[in-house]
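Asks: In case you want the letters, here they are:
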Amino acid sequence: MSDIQARLREIARRLLTEGHVRVFIGFGPGFEANRPVPFFAADPDAADRLLLDEFCAAGLARYVLEEVREGPVGLVARGCDGLGLERLLADHRVAREQLYVVGVSCRGVVDPDRACAAAGEEVRAARVNGETVTLITPTAERSFPRSACLLDKCLRCQDPTPRIADVLLGEAIPPGERDLAHVDAVERMPSDERYRFWARQFERCLRCLACRQVCPACNCVSCSLDRPEWLERGTGLAEQFMFHFTRAYHVAGRCVACGECERACPAGIPLGLLNDKFMKDLRDLFGVAAPHRPGDVEPLGKFCPDDPEGWHEGGEGT
Amino acid sequence: MPRIGVVVCWCGHNIAGTVDVTQVTAAAAAMPGVVYAEDYKYVCSEPGQDLIRRAIADKRLDAVVVAACSPSMHEATFRQAAAAAGLNPYRVEIANVREQCSWVHRDREEATVKAVALVQAMVAKARREEPLEALRLPVTRRALVIGGGIAGMQAAMDIADAGYQVLLVEREPNLGGRMAQLSETFPTLDCASCILTPRTAEVARHPRIELLTYSEVREVAGYVGDFRVRIARKPAYVDWDRCIGCMLCQEKCPRKVPSPFERDMGFKKAIGVNFPQAVPNRPVIDREHCTYFEKGKCQVCVRVCPVEAVDFEQRETVREEAVGAIVVATGFDVLAPAEFGEYGYGRYPDVIDSLAFERLNSSSGPTGGVIRRPSDGRVPREVVFIQCVGSRDPDRGRGYCSKICCMYTAKHAMLYRHKVPDGQAYVFYMDVRAGGKGYEEFVQRTVEQAGALYLRGRVARVYPEGDRMLVRGVDTLSGQTVEVAADLVVLATAAVPRGDARELAQLLKVGTDAHGFYNEAHPKLRPVETMTRGIFLAGAVQAPRDISETVAQASGAASKVLALFSQEELVADPLVAVVDETRCAGCFLCRPVCPYQAISTRVAGNREVATVNPGLCQGCGACAVACRSGAMALKGFTDEQILAEVEALCLRTGSPG
Amino acid sequence: MRLTRSQLRSELLARVEEIGGEAVAHCYQCGNCSAGCPLAGEMNVLPHRVVRLLQLGQVESALSANAIWLCAACQACAARCPRGVDLSRIMEALRVVQLRRSTIEPPGLTPDTLARAPQQAIVSLYRKYGS
Amino acid sequence: MSSDWQPRIVGFACRWCTYAGADLAGTSRLEYPATVRLVRVPCSGRVNPSFVLRAFQRGADGVLVAGCHPGDCHYTSGNLFTRRRFSLVKRFLEYLGLEPERLRVEWISAAEGQRFAQVIREMTDDLCRLGPNRKMREEP
Amino acid sequence: MEYRYFPGCTLHEQARNFDITARESARELDIALVELDNWQCCGAVFPLATDALINLVSPYRALASAHAAGFDLVTLCSGCLNVLRRTNRLVATDREAREKLRDFVEMDYAGERRVYHLLEVLRREVTFETLRSRVKRRLTGLHVAPYYGCLLLRPPEEMEFDDVEAPTVMEDFLRALGAEPVDYPFRTECCGAYVALREAKTQAAAQVVRSAAAAGAELVVSSCPACNYNLERVHPTLPVVYFTQLLALALGRDGAFAGQVPDPTPLLRGKSLLPEVS
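Protein chains in written order, with my numbering: chain A, 1 to 318; chain B, 1001 to 1657; chain C, 2001 to 2131; chain D, 3001 to 3140; chain E, 4001 to 4278.
Rather than coming from a laboratory, the hints here were simulated on the basis of the structure. Among the hints, a few may not be true.
What the hints assert, rightly or not - Here are the simulated DSBU-like cross-link-like pairs (lysine-lysine), alpha carbons at most 30 Å apart as the crow flies: (1) B:K1297 x B:K1403; (2) B:K1560 x B:K1437; (3) B:K1041 x B:K1059; (4) A:K302 x B:K1524; (5) B:K1059 x B:K1635; (6) A:K302 x B:K1635.
Claimed, not checked - Coverage of chain B stretches by chain D, computed from C-beta distances (three or more under 8 Å per stretch; other residues unrestricted): (7) 1133-1141; (8) 1175-1186.
C-beta: ideal position from N, C-alpha, C; glycine also.
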């Protein structure tokens, strides 16, 4: 990763010196070595503090929404960031010429908590190679299976390489189909058990709205759920169900499965399980790819004359 | 909090019979915002409406809820009554306590509880309403008539005579449509061209009718009062302004081509007109059959033309027109030959359809009016007419009756007798349908005087035997199978919609039935209107019909257009969508769901936001659901109002709404 | 003939319609079947009239018509019926009802025919007249 | 369930077809349980899925969303969007634990008074078996 | 191309020449016709009564055993084709009938197989162009009237053999062999089938043959033993043969015409179409 990181810095520096972009968004050092944070390089020197390693967890696309107001923005973009940018472009929230995208292929980001748990001690660095991940700790260098180290969203990633990039560092990895088996697991539960499962999840929701803040699809100027007739302020079970039902429905067909909402949720609510349920039904009923790559019209913005009526197969575990 | 008045109607016994109206009135009085609650025996009557008007004045009401019959019955009545008392008509709501409550439930207690809930919902909605003003839309007092047959011409004449501009678009190079192909017409046997050609001349000369022949409608946008229509003029390869109509080109043109106008029994030239009396009397070049276009040679027409009117470089031109109303009069077609293998239709030359028999009868037709067999030109001594070929045949997808065949076949049999006195006509029929004025008498004359033999039964097969056509049918009245060795077989084929009827219907956003005939707004009450306001129907485009009905319907459609043009402005329902620009993110998720393309872009400050054209919007509300941020609201059915209704409907009775 | 409700809704007619799987009411007596029937010449009651008799509830006279034994099940009528009525099924139903309630003496074939006719024809004959 | 308990059904009916069908049931004097209460909307395309959840949360035991048959929509495509939206929403609500019988989506034309009454009878029977809805709302 | 071959009882008895010429022609055109083991009579007519399911046991067993062997079925006699194909369609579409037959015959089958007529195999698999190139002796100058009869074509929505009113497959077949098909209107009219056995005076067959003769036919060809029997008896001099006999002849094999009345051999010898008897 280091040579890509060097080329990234060199590109950022050139863009900033030539004034091609007003700010370059990437990652910079965080409080801990294995938790880099989003970093906004506003001048050529700051470009040298950009870093790109196996711990860069946050999605960068959504930051573009505020930054473009003052001028063109450059950023580094992995597959999920690329899809997030496409979502903003498709929703006319950002114009393509305002962006300079440095694309990189990503084989997965390490979840520092998981890595430390697996290694049994603090993990300084990591290398993701194919099916295994090498964790470098102060005392040793051992390799573990991907499932033990990577973020959830990376384990199910189907878009390693961004489709839109002004320049691509490293070679592209073709996109795949998203695995939605985890949705079947919930579907198989009897309906009362399923209800208790979701009621327990939603009871933990603080309504901190972090999921809305990080989501490229939740890019509205003002959210309808902020209006009293739709949702009161309380956190009773009715309000929780209304919030999570409406959020999931509003991103149905538009969610790009970047996994940020689930990662950002402080209460650890499996929001991906909600988004993926809509994605699975869109795929099974209307043949929409999972996730739907943002194009001109979203799946719920059109119809086919012979669309099936998906409400017939009632009964347990559908 | 708006001051709301509730009036509960007894509807004589209809509501009061099952619903305890006094209890409903008492419950209404206790609802928040309700300052007046009353019940009355017949609220829709004059005194009933007076009661509303007085209540509005005395109690200074801001909204009125009437618990009575279905809104489709008297919503307009009560809204007009409120408007007369100075209250905005759109602040009147109806609680349907008759059709959906007292008439369908027996238990008095349950029905009353439901009636209270329905009133409660309407009161909740009324509390959240704001006054709405009806929309005023401009009217372009110019009509478009599509189709230059008898229907289109009649409609165009009526509208133009009333002083308005008319644009008449006809796909063929000449006016006349289907009727131009007919010889005589029933029941009076007066010749079709004698009544048609003067009319075509009149239309061509009319100062307020602009004739666009050899043209097609390609696109229709806009709405009633302001339609934007794109009309393409196909290349005729002859400059009609320079041409003087001498027809030398048609005379000298070496290329003979089977003429569809003559049902491929006669020939036309590669350049020319469909029939001698065509109006406008201007030729066109048939590109597929012109030697110049095929091999680049010939050009005889260019050499003989005295005014150099031939222009091979002519291209299709398209023009955009603004019109206020559209009359569709595109007529009908006859069944394609391929569908009846057992009659050898399209395979044996002496099995023809009735339209071809019309051409044989026509003095300007291929045989100059003498009935001759297409195979060898001999005058047929035995002619068999077969009815219901393709009609009344659900097994082959067309269960309807084509209505006019019984009459034109009787006419054919009579004309055949006039021209071939010793000839014998056989008519295989199932039921003779002659319901018009003087029609039945006409058919009886055919049987009695023309000596046509009517055989009740369908024909199973027609096949050649020697040089004649053997027809194997049945006479169900005598219970015998019947064989006739006919010289000529004439099939009364089904009237079917034009080939491109469905495409034009989609352009106009007018519905069609399963076969492709256009849907009228209401079969009995609004037969000449469509569900799309400002678009009207005339003639066989709506269903098979004869000339007299077509002309009557054309005048009917014209009167509807005149009614539209007579108003200063068009009053449109204000229940349309509106964008709250402070909330709109400009994501345009609303635009693809709008069936009327009513949503477009507007710049607000530094952002692009959505905006709704009130004229185009018909108020379906699909965009209000597609809009995630709640910026799109449908007046009269806003989210707040519907949510309030839902909440009110779910309340256990007794607790305050 | 006197028409009565009980006649029009007789149990026998209901059985004929049930075994045939066809509703006689669909037929609007256009006569196409009779016109195209190859064996109409020999029939004392034409096919469309057999259906008419059933429509009038005259099941007995329909059962006694020779048409039902002359029908070669060639499907010409079914293929061309504008109302989609399968007349060959109605004819079979009438044969089956007649065979199941009374003893019909089997068709006498001459020894020569029995010797030279193809098995397909002989089996068809006994299937139709003896099921 | 106590025998006299009656389920509460909130219906969203498109004014061109289903609402007119319900009126026809009235003019034909059909009888059906007084459990349904209709909200008149211009088109089934106006029914926001969140309305359905709100109805359940405010005490509805069953919700009916009904509009014109595909191809008959007065606005040509309203019900075709409804078909996609509620194909997803019906499965999603069941995914959250709602019993399938509680939400029904039907096409009922202005001429189908009989069918409207029949749908209401069927829903009422199903809901009587299921009992009141406790899910997705404050536990009473 | 391998198929399970269902000859039908007539092709083992009165119509042996139909069977022999079919097998030889198939071998010549390398179509593998492996006879289905333990088949019984198909019943000759498809039962039209709705409660006559028992008659379908034999065709169901034939289809099920072909399915068990993993091959589609080919048959020649139009009676067998009609019964097998209509049974196949009923089993595929009617769940109640399928389950009753499966439980009774105790063999699993749900309509997966297809039933072909040899002419359909020639048209689809072999194609008439290839057939034309494989012909050794072209039947030039032979005016043949193709006779379809009823059971191949009707009911059209179930048989889907060819256009019910204007079929062409036999004409194309004859042209591929070099013969000249004769167009006459009675090629799809019924020959009287089993009724003609009892009612000698029926005119059905006579009309067909008269029409063919009037149209200049020297020979009638058909694919149904019952039709051949009826057509042969009503015309003293117009011979009636099976289409496979002409096929075998054209492929240089023996047409198995021996013993036919009226005898087609003089006609064929006159046109030097018979193999020279050494």
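Asks: It remains to establish, for every hint, whether it holds in the given structure.
Replies: Evaluated hints:
1. B:K1297 x B:K1403: At roughly 49 Å apart (the allowed maximum being 30 Å), K1403 of chain B and K1297 of chain B break the hint.
2. B:K1560 x B:K1437: holds, 26 Å
3. B:K1041 x B:K1059: At roughly 21 Å apart (the allowed maximum being 30 Å), K1059 of chain B and K1041 of chain B satisfy the hint.
4. A:K302 x B:K1524: violated, 35 Å
5. B:K1059 x B:K1635: Cα-Cα ~26 Å, so holds.
6. A:K302 x B:K1635: holds, 24 Å
7. 1133-1141: This one is violated; 0 residues, fewer than the three required, reach chain D with a Cβ under 8 Å.
8. 1175-1186: violated (count 0)
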